[in-house]
Amino acid sequence: MVTSVTSLGRSGLSDWMIQRISAWVMTSYLVFIVGYFFANPNLDYAQWAELNSSLPMRMYSLITILSIAAHAWIGMWCVLTDYITVRLIGPKATAIRIFLQLGMIAITLLYVVWAIDILWGI
Amino acid sequence: MLNVSIYRYNPEVDAEPYMQDFKVDTQGKDLMVLDVLEKLKTEDPTLVFRRSCREGVCGSDGMNISGKNGLACVTPLSEAVKKNKLVVRPLPGLPVIRDLVIDMSQFYAQYEKIQPYMINNSPAPAIERLQSPEERAKLDGLYECILCACCSTACPSFWWNPDKFIGPSGLLQAYRFLADSRDTATEERLANLDDPFSVFRCHGIMNCVQVCPKGLNPTKAIGHIRNMLINSAT
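Chains as they are written, first to last, in my numbering: chain A, 1 to 122; chain B, 123 to 356.
Bound-form chain A, shown alone (with noise of 0.2 Å):
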């Protein structure tokens, strides 16, 4: 057992299937986003506003946007334990390591705000 503190889920399995589930959502919400696109070439500001302050598509972003949050968090973690460690740059590698992470969660989490407050905004 390999402990971990700064992952997502801690557990390996727990990121694997937030991994596969918020994959899913995000490519849900493309095909969604696109087929609105083409069965509504004429979309104009207001139908724009309307859908995206109803409150099922309000909701539907904002799981997105967790999703895309969780993804990306998990997919930068990994990235950075593999890349900045200690065997391939020397002793540092832990300090900027965390560094590292704990900029890449605060810029997600900042993020996530920002959208909701914009998507409660409209």
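Please keep in mind that the hints were generated in silico from the structure rather than gathered at the bench.
We put the CB at the ideal spot given by N, CA and C, even for glycine.
Some hints here could point you the wrong way.
Claimed, not checked - Chain B is faced by these chain A residues, among others (derived, beta-carbon under 10 Å):
1. V2
2. T3
3. L8
4. S11
5. S14
6. D15
7. M17
8. C78
9. T81
10. T85
11. R87
Fit chain B to the supplied structure of chain A, relying on the hints for placement.
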């Protein structure tokens, strides 16, 4: 004449590794790569590599042959030579001791972690612990691993985290004991694997499957471990 380029490094003499070129007369025969190395060693006794059974059973002569990990003894020149050139390097990712010989301590440390032995604390029966033919069949494709390290050293996840990621070879063996009907430590074994590194650093790129000289499928075994983890944790 076949052009052969071999990775040379003797830490007592060389400041850094270098590639040495040789010419070998194969007399038009489709020799195994190990035969070529043996021939070269008679000319240059300082060339160092591991070998033992010379028939793909012991797993000693795993090396990187023209860019692909494999056993020198069972890799024919017809598969390995490109443009009349054979390039031989040590297995990637682990420290080189000398020439084609690598330090496999980290590989074995990961193997040790998965407790590669039967755990069953119930009293032993008078003769032996029986298995049905179906239960025994589950071990096919798992027990044949010879620990040559060709798969684990072809895996980028193992290159980056050889101290944390168990690697395809160790995980194949982990599943060999998880799948064994006589082993009773399934829950403990699974609990030891459920972290973000041990199993889940596998991203399924299947380099291991591509290089395994025994034709085994570690990616499939890793998928089975993941399914067992899902079964027990959801």
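Here is how each hint holds up against the structure:
1. Hint status for A:V2: holds, given a least beta-carbon distance of 4 Å to chain B, under 10 Å.
2. For A:T3, the suggested interface contact is upheld, since its CB lies about 7 Å from the closest CB of chain B, less than 10 Å.
3. Of the supplied interface hints, the one on A:L8 holds, with its beta-carbon coming within about 9 Å of a beta-carbon of chain B, less than 10 Å.
4. For A:S11, the interface hint holds, since its Cβ comes within 10 Å of a Cβ in chain B; the closest pair sits about 5 Å apart.
5. Annotation: A:S14 was flagged as interfacial toward chain B, and the flag holds, the nearest CB pair being 8 Å apart, inside 10 Å.
6. A hinted interface residue such as A:D15 counts as satisfied when its beta carbon comes closer than 10 Å to some beta carbon of chain B; here the least separation is about 6 Å, so the hint holds.
7. With a cut of 10 Å, the hint placing A:M17 at the interface with chain B holds, because the nearest CB-to-CB distance is about 8 Å.
8. With a least beta-carbon distance of about 8 Å to chain B, the hint placing A:C78 at the interface is held under the 10 Å criterion.
9. A least Cβ separation of about 7 Å between A:T81 and chain B falls short of the 10 Å threshold, and the interface hint therefore holds.
10. Against a cut-off of 10 Å between C-beta atoms, the interface hint on A:T85 holds, since the closest Cβ of chain B lies about 7 Å away.
11. Interface hint at A:R87: satisfied, since its Cβ lies 8 Å from the closest Cβ of chain B, which is below the 10 Å cut-off.
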